[in-house]
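J.: The lines below spell out each chain.
Number of protein chains: 2
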Amino acid sequence: MPQPADAKDLRTLETPALILDRLKMNDNIARMRSHLAQLGVAFRPHVKTSKSIDVVRRTIGAGTGPVTVSTLKEAEYFFGYGFTDILYAVGITPNKFAHVFDLCARGVALTVILDSREMAEALAAHAQGRAARPEVMIEIDCDGHRSGVQPGSGELLAIAQRLAAGGLTLKGVITHAGNSYSCKSTEDIAAMARQERDAAVGCARILREQGYSCPEVSVGSTPTAYFATDLTGVTEVRAGVFVFGDLVMNGLGVVAPQDIAVSVLACVIGHQKEKGWTIVDAGWMAMSRDRGTSRQRVDQGYGAVCDVSGAILEDIIMIDANQEHGVIAHRSRDPEKTPYFPAGTLLRILPNHACATCAQHDRYHVVAGDGSAIDDVWPRFQGW
Amino acid sequence: MPQPADAKDLRTLETPALILDRLKMNDNIARMRSHLAQLGVAFRPHVKTSKSIDVVRRTIGAGTGPVTVSTLKEAEYFFGYGFTDILYAVGITPNKFAHVFDLCARGVALTVILDSREMAEALAAHAQGRAARPEVMIEIDCDGHRSGVQPGSGELLAIAQRLAAGGLTLKGVITHAGNSYSCKSTEDIAAMARQERDAAVGCARILREQGYSCPEVSVGSTPTAYFATDLTGVTEVRAGVFVFGDLVMNGLGVVAPQDIAVSVLACVIGHQKEKGWTIVDAGWMAMSRDRGTSRQRVDQGYGAVCDVSGAILEDIIMIDANQEHGVIAHRSRDPEKTPYFPAGTLLRILPNHACATCAQHDRYHVVAGDGSAIDDVWPRFQGW
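Those protein sequences? They're chains A and B, same order as listed. Numbering-wise, this note's numbering comes out as the position in the first sequence, counting from 1, plus 22. Numbering-wise, this note's numbering comes out as the position in the second sequence, counting from 1, plus 22.
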């Protein structure tokens, strides 16, 4: 439902609502771009975090550029804004072949990824007789967290052979150190960045030694991107959540809490005073059910609480969430330590995981700094 | 992005996609309606689970009827389809007063809820000079799980007094035994149903003894609605998730697994064979991050796996989820016990919490029984 058409101030919004501080976002973007420029590596931002042309244009700098997507809907959307160099970084499935080839026929330089002979053969079979085809990257499992060929496995060359036999272009190798989200120190993240690079570069070397062209070596996650110090042999880095930051990234030492650019505006419904609970109108529907910080040193519940200007209220968190209700309290649960927020008070809640929280909303209400003025409204999309 | 326009069969859908078996849904609806009819109590279904006119029309029987909503967007949507008797069952906040009064002025018989003198006074102040007003129910905390006035507290009469002084109509009392989701046996749920009824009926009695009219006594949650045996004094029951059922309801003994009407269609991307992992293209974006069964006797991970016809594959669950990836394995994690699903295999995943999973999707692909034909596509909406 549209917010009041003339909502130019946070205080006039209906809650819950997603707030984006564009100054913080710009700083996060500048920091990542500068870091990758120093490492001398190209950047292919993952747009799954924002799913917003307004955010991605500011990430790219200007115009269009290479992007990473997690769904074909993202590919369609960004193609609609002129983006043509698109990496679809989730293993392709046969029921998406028709859509993929259609995107290629319409002018997208689309790259798909896979990690088995089975899928390489299926894709090659579908490609027969079709001129406009995707390029292919082989996914490498650098840390055991999900998909990908094991670096030492014979499957790597077997896939390359099947692609070549089917007349498909092997564009390169791709890996993602998803386990970096579980690291316990920044030293661990730096080690994970080396492991991620070594797995991808090593697989590229094996392919090239066997005569396969493997021009691209693509790695990345926000933590490993930030803590990588040497990306020799890597041709591009992917990262997504860096653009906003979140409490999980804060727990990893990647961003400071004051760098987190997105929050959910919520309004106080009422209280259970004996328990020290403040009830707000943002529950798990607005925050998501993500509890990523529950595995970290500091568990932030469903989010860390700020005042309406975005100033963090030390140790005040959302301890529980129902569909449209959040329970705010001191992290100790001590009722004496919870400040009293009168009914109607506006609060802003920092998310555990920006990708998950933003996915619950269809627009960003854009602010700049600690004022309550809304500069702009940027739409975002959901689903597949 | 639209699915292929001519998708008439699950096997032609792009995945992930939300599937609804309308025969199972119809059975769930008939069972709840029959049970409440036997108890002689009116039904005000909660539409937050489906957010779909197609589902709600089938729930109501025909035409329109009383509904419960969790957002003003739901109120707007159902009013657009002719529903006028709407209970907004999340405590009202001042930044929604303008919208609420506007709905009333446009012809909605809207009821709002609150649990403090503070909010009653704020609402009364806003109502001054406005003819079209919401009616008000006082929320009662029957089980300590969230909002509401404590049953024995003086706040109850203080709120009623403030409403009367402000010229607002007290429609009744409302409570929700949310703790029924944590019950360990159906006997516990039946006891919780009595507790829920007693709290609401008791508060209504106190109000009436003091001369306040309190025509409505509204209670409900899917578990307590199903296991209530005597609702004397209650005038209406609310329930939402019953319409679809889910694994949390199954863990509570409320529905059998084969009664769960919604599932997420997913396609096998690949494998980590040594670990017994099958990777599918439905992750937490498609399933939600809800892990409601993690607190139950049987932890179903991110969902229980069925074949494409909806037949449950015993002990095969989604053990982990990333944004667009799910990891399927035997619940024992024993690689020997995981069946081999070739790349491209379609599977259906039953959700922990139907409200959370459906909220990730913008439409239901409707099937009837175990065939793969898609009867219909029903839109649903998201957000606020």
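It cannot be assumed that every hint is accurate.
Identical chains share a label here; the pair holds if one copy fits it or two copies do between them.
Unchecked claim - EDC-like, lysine to aspartate or glutamate: derived pairs with alpha carbons at most 16 Å apart:
1. 297 <-> 165
2. 206 <-> 337
3. 118 <-> 31
4. 30 <-> 49
5. 95 <-> 384
6. 118 <-> 165
7. 118 <-> 210
8. 118 <-> 177
9. 295 <-> 177
10. 295 <-> 98
11. 206 <-> 321
12. 95 <-> 329
13. 295 <-> 209
14. 295 <-> 140
15. 206 <-> 140
16. 297 <-> 358
17. 118 <-> 342
18. 30 <-> 163
Keep in mind the hints are simulated off the structure, nothing from the lab.
J.: Does each hint hold? Answer for all of them.
T.: Here's how the hints hold up against the structure:
Only between protomers do residue 297 and residue 165 lie at most 16 Å apart by alpha-carbon distance; the minimum there is 13 Å, versus 44 Å within a single protomer. Within a single copy, residue 206 and residue 337 get their C-alpha atoms no closer than 21 Å, and across copies no closer than 33 Å, so neither meets the 16 Å cut-off. With identical chains, the CA atoms of residue 118 and residue 31 are at most 16 Å apart between copies only, with a shortest distance of 15 Å across copies and 43 Å within one. Taking the closest pair of Cα atoms, residue 30 and residue 49 never come within 16 Å of each other, the shortest separation being 24 Å inside a single copy and 48 Å across copies.
With identical chains, the CA atoms of residue 95 and residue 384 are at most 16 Å apart both within one copy (15 Å) and between copies (13 Å). When the C-alpha separation of residue 118 and residue 165 is checked against a cutoff of 16 Å, the pair qualifies neither within a copy, at 27 Å, nor between copies, at 48 Å. Taking identical chains as interchangeable, the C-alpha atoms of residue 118 and residue 210 are never at most 16 Å apart, the minima being 37 Å within one chain and 47 Å between chains. In this homomeric assembly, residue 118 and residue 177 never come within 16 Å of each other (Cα to Cα): the closest approach is 23 Å inside a single copy and 58 Å across copies.
For the homomeric pair residue 295 and residue 177, the shortest alpha-carbon distance between copies (12 Å) is at most 16 Å, but the shortest distance inside one copy (61 Å) is not. For the homomeric pair residue 295 and residue 98, neither the shortest alpha-carbon distance inside one copy (50 Å) nor that between copies (33 Å) is at most 16 Å. Taking identical chains as interchangeable, the C-alpha atoms of residue 206 and residue 321 lie at most 16 Å apart only when both belong to the same chain, with a minimum of 14 Å there against 27 Å between chains. Proximity of residue 95 and residue 329 under a CA criterion of 16 Å is satisfied in neither setting, with 35 Å inside one chain copy and 26 Å between copies.
Proximity of residue 295 to residue 209 under the C-alpha cut-off of 16 Å is found in neither arrangement, the shortest distances being 43 Å within a copy and 31 Å between copies. Taking identical chains as interchangeable, the C-alpha atoms of residue 295 and residue 140 lie at most 16 Å apart only when they sit on different chains, with a minimum of 13 Å there against 60 Å within one chain. For a Cα distance limit of 16 Å, the shortest separation of residue 206 from residue 140 qualifies neither inside one copy, at 37 Å, nor across copies, at 46 Å. Taking identical chains as interchangeable, the C-alpha atoms of residue 297 and residue 358 lie at most 16 Å apart only when both belong to the same chain, with a minimum of 9 Å there against 49 Å between chains.
When the C-alpha separation of residue 118 and residue 342 is checked against a cutoff of 16 Å, the pair qualifies neither within a copy, at 38 Å, nor between copies, at 23 Å. Taking the shortest Cα distances, residue 30 and residue 163 never come within 16 Å of each other, neither inside one copy (47 Å) nor across copies (37 Å).
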